[in-house]
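There are 4 protein chains.
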Amino acid sequence: MVQRMIQEEKRQLRDLQMDCLDEWVTHYRSFSGEGQCAAYIPALEKANPFDLGICIIGPGGTVIKSGDWHVSFTLQSISKVISFIAACLGRGISYVLERVDVEPTGDPFNSIIRLEMHKPGKPFNPMINAGAITVASLLPGESPQNKIESLCTIIESIVGKRPTINEAVFQSEWQTAHRNRALAYYLKETGFLEVEVEEALEIYLKQCAIEVNAEDIAMIGLILAHDGYHPLRNEQIIPKEVARLTKSLMLTCGMYNASGKFAAFVGIPAKSGVSGGIMALVPPRSRQEVPFPNGCGIGIYGPAIDEYGNSHAGVMLLRHIAEKWDLSIF
Amino acid sequence: MVQRMIQEEKRQLRDLQMDCLDEWVTHYRSFSGEGQCAAYIPALEKANPFDLGICIIGPGGTVIKSGDWHVSFTLQSISKVISFIAACLGRGISYVLERVDVEPTGDPFNSIIRLEMHKPGKPFNPMINAGAITVASLLPGESPQNKIESLCTIIESIVGKRPTINEAVFQSEWQTAHRNRALAYYLKETGFLEVEVEEALEIYLKQCAIEVNAEDIAMIGLILAHDGYHPLRNEQIIPKEVARLTKSLMLTCGMYNASGKFAAFVGIPAKSGVSGGIMALVPPRSRQEVPFPNGCGIGIYGPAIDEYGNSHAGVMLLRHIAEKWDLSIF
Amino acid sequence: MVQRMIQEEKRQLRDLQMDCLDEWVTHYRSFSGEGQCAAYIPALEKANPFDLGICIIGPGGTVIKSGDWHVSFTLQSISKVISFIAACLGRGISYVLERVDVEPTGDPFNSIIRLEMHKPGKPFNPMINAGAITVASLLPGESPQNKIESLCTIIESIVGKRPTINEAVFQSEWQTAHRNRALAYYLKETGFLEVEVEEALEIYLKQCAIEVNAEDIAMIGLILAHDGYHPLRNEQIIPKEVARLTKSLMLTCGMYNASGKFAAFVGIPAKSGVSGGIMALVPPRSRQEVPFPNGCGIGIYGPAIDEYGNSHAGVMLLRHIAEKWDLSIF
Amino acid sequence: MVQRMIQEEKRQLRDLQMDCLDEWVTHYRSFSGEGQCAAYIPALEKANPFDLGICIIGPGGTVIKSGDWHVSFTLQSISKVISFIAACLGRGISYVLERVDVEPTGDPFNSIIRLEMHKPGKPFNPMINAGAITVASLLPGESPQNKIESLCTIIESIVGKRPTINEAVFQSEWQTAHRNRALAYYLKETGFLEVEVEEALEIYLKQCAIEVNAEDIAMIGLILAHDGYHPLRNEQIIPKEVARLTKSLMLTCGMYNASGKFAAFVGIPAKSGVSGGIMALVPPRSRQEVPFPNGCGIGIYGPAIDEYGNSHAGVMLLRHIAEKWDLSIF
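From first to last, the protein sequence lines are chains A, B, C and D.
Under UniProt numbering, think of the first position of the first sequence as 1, with each following residue one higher.
Under UniProt numbering, think of the first position of the second sequence as 1, with each following residue one higher.
Under UniProt numbering, think of the first position of the third sequence as 1, with each following residue one higher.
Under UniProt numbering, think of the first position of the fourth sequence as 1, with each following residue one higher.
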């Protein structure tokens, strides 16, 4: 079967005249000026706003890349996806879902209102900060260090190298995480946070500071696309139920409070971070005449973000590709 | 291609030993007692809470049915999907989206809070009442009567017969639509309602009172599954872009404030109504070994609803089928 | 006792060199340009924004006036006070308070959020629109006409002439009362509105359109100052408990969402309306060396209103007088 | 003048047959079972729920006491009044009011919603926790210790002895102040908190843990009643403008989200704490035939609190006295 995939992918990529990807990156890069790098974390503000890169990996091993796909950036909110997976692996889905729901909210990612309005204050989903901090506290391991290690181990098992934590970014966020502390203390009071607040924040902010590049997150996306199965290593990394649940969360809640618009006009599961990364994926689908009919993982990096917190040029590029190659899952 | 579909469907259905569907309906019918018929509309309260029926239609024309699939019920919130489609057909997507967003909210369907909290008060999506009333006002046609007719015409073009409006249900809702009137007057003040309030309510409540059965909505679902193309009549009923947009809305917002959970555990676009109907669909996908790989439309009727407003037994049945037949789009 | 009051008042007024009032009116009139006439009701917009008038009436019958005290204006929100009194007279305090609370909110006068956030949706006080519409429905009388008459009768018993309703203002508001209709339908659904919505709105909007001048409302203020007793007619018009309750509501909720600031820096019970009226009062107090130690009623008219809905120059004038004459109740 | 006051007070108290106060305390003590001691602070839970005591001090030096007036308790929210005064003394009223408004909210004392809903997040008043933590950060002094000392110095200047801080209560609250930390971090992010969060909390929680008895707070109330002037020591302790502002805040916001009802049915400035204390006061007023026409300070202690956080028996007792002696300021 993998043989068949490889052959299909090769044929399609030949047909695609892949240089179109370079053209598209160049075109959409020019829109970066309409966004701007996240200002509240000094380390992020130093990024080059005109960086734009993409990496797409097919299940047969085909890798196509363009632009600044190799530039390192920190996961930020993309880590919420991996943390949710790790918590489900360590505690079981039902244990995790007793502490965090899976409903989209329409609210900004750092909103606190809903915790008070809806008793008893269970966070609505793991993709907003309140839910992500809760999930961070559920990671397997006794100490913050162990919990972060459990996360890095999953990433290593997928991308093949152990990621590092950008200490400067972590320190920068740690000093200014007032709103996240407000959320965490609120969750502590309502009983949804299992560890101490400062521990939960250390875990959460360190997971946000994990360094990756577009290729790394494309590979994670690919594994999710294939229900947790690593098609290149022939190994089930994540149970299918966890992968499916994660993909649904990415689609309904992954692109901040523009998730609905992204589902409508791009139509694939994706998770963005304020550092400008987007981890997206395409599950296998039966449109045989299009590129990657057996699905793919997509990693994007473009640090100038829009009003919602999503890579401005990155979303435009992804929308264009999704339309051209008919990637939508709908 | 249709020939191939028909052959595939026939083979699969033979393999499926279709009597399992009857077993499942019987099994999940017994859970109806955990829900109850909507009490606030007298006509709905008179339904038999233990009714449960399902109809599934494949693109090759295969129709499988079980239980009370033939019982008539009113569309209620399922009409929001068809109304949104009709408004997009009549006014264009961009015109409609200037007046209603496509973001899920996490709020109850009749919530008014967000209209005041988020200036200038644009409804968040067409699947909550505020958005649906706005969309009803955008339907093509000069009078309420014309607007309703435009809706019925679309339904007729899909299911092959013109639907009727249950006047008793309409009158019953018209008398008690205090909350909907509150929403509509609020929208009038903020300028999002283009017609008079009482006209908008007449349109909205009449569309809610359109009578269908499970087979009818399965057929509508099928056409959406196939991007608006009617595979049996070989005709494009709805433009592909409108169909895709509609499916994304059903997935992110279609099952009231349990939409996230439904996406997570069933994983297909669906829209429910408080009368107990669920219109669902499965787009084509590449899992070749499963039933309906080329997609299908699904109609369910089970009037005992849960705390969110969704058919209690219907959701359980749909989840079971989705798991057994691997219907998830993720 | 009245003899003593008259003598005291006369002595003080001689000492006051009353021409200072004219000076002050002239001075604060010049600030009218910082406010503007309410635009959403055409009839109000036609007012002269530089009108400013005041009338103060002491219990001994002393009347001092300055500026445009004689200009007619409609009660608007000031009617909420009189309507609350009339409802208490007709139904009893406890009956009324089962349907409306007496807690300030900090929200805009036309806010609807709290009705949904706080179950079961009892309006927080009679000075915001939601509470005032509820109270209007509780007025004594079978028909809207009777209910309005009961209000006019109270006013007549105080000011000595029957007030008229400005039909043009009523019609103007009736056509554009979308937000008030939204509030009223919401209240109808939650069961707090005893009459039909359109009836409640007719009553409420007609009471808003009752015409008065600054002297009329000064007289009503005087009667409240004296716990409902008419010192000039020697008659108890309003029971003491109702008068006290009303004065506390004016102080905590009377000046829209600037009530706290008004209490802090002026310190007397007052109720304003968007037409630019302020009905204020000073209860008797023991600062013997100041004007009106036995209290007084104050009426102000200045149609240019500030961001909160209060007469801009009127509040400034009142604050100045309160400081000069030490009127604060604290 | 003080001579006159003393004579008046003596005469009235003789007339009052002061044993009625003992009767009333005994009567209302029996209602304590309808409330309960605050459970979330262990040290408070250990109080005797049937304690009830009162102390009233007149400007002539008359002190009447009954019941458990001598029992020590911690100020808790009553400290918000003194802290606000101290901040105004140290920084000036306008500086303080740039950081905290004076509008009542209708929300629970520990609500966080409004900080996000109303940009830029200025706390609505100093009597809710968000405002009180902000004010604590504004106290004069460089260190938390200095700031607390400035508070104790004001109390000492009024009651004549330096108060102590109950270290056990402070430690108990410090450990469990999750919600207050959430508020403080939120305020830090929005820029309203001038010191570090942990410092602000130390100040705030230590001020809450200051020990007093009913006589102490009656004396503070007396000084406020007399516009900051200490009638027994013949000294202006608090500027008149600060005292007036403080009294208005007590009336509009002092009794948690029952402030409106307390103003309506008791009608005097008061501030309660969850430890069961109520500090109230009556400004001079011209009802000559009643007790304490020249005003008084009132201290109450009754640790069984009601649903709002106010001493259950204490409020009943105060309401009874206010009615019998006509204490209302309205």
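Careful: at least some of the hints might be erroneous.
For identical chains, the list gives no copy identity; a pair is met inside one copy or between any two copies.
Calculated pairs, DSBU-like style, for lysine-lysine (alpha carbon to alpha carbon, straight line, at most 35 Å) [what the hints assert, rightly or not]:
{"no.": "1", "residue 1": "K240", "residue 2": "K46"}
{"no.": "2", "residue 1": "K119", "residue 2": "K161"}
{"no.": "3", "residue 1": "K46", "residue 2": "K119"}
{"no.": "4", "residue 1": "K161", "residue 2": "K46"}
{"no.": "5", "residue 1": "K119", "residue 2": "K261"}
{"no.": "6", "residue 1": "K240", "residue 2": "K119"}
Calculated from the structure, these hints are not laboratory results.
> Any of the earlier hints contradicted here, and which numbers?
Replying inline: 1 and 2
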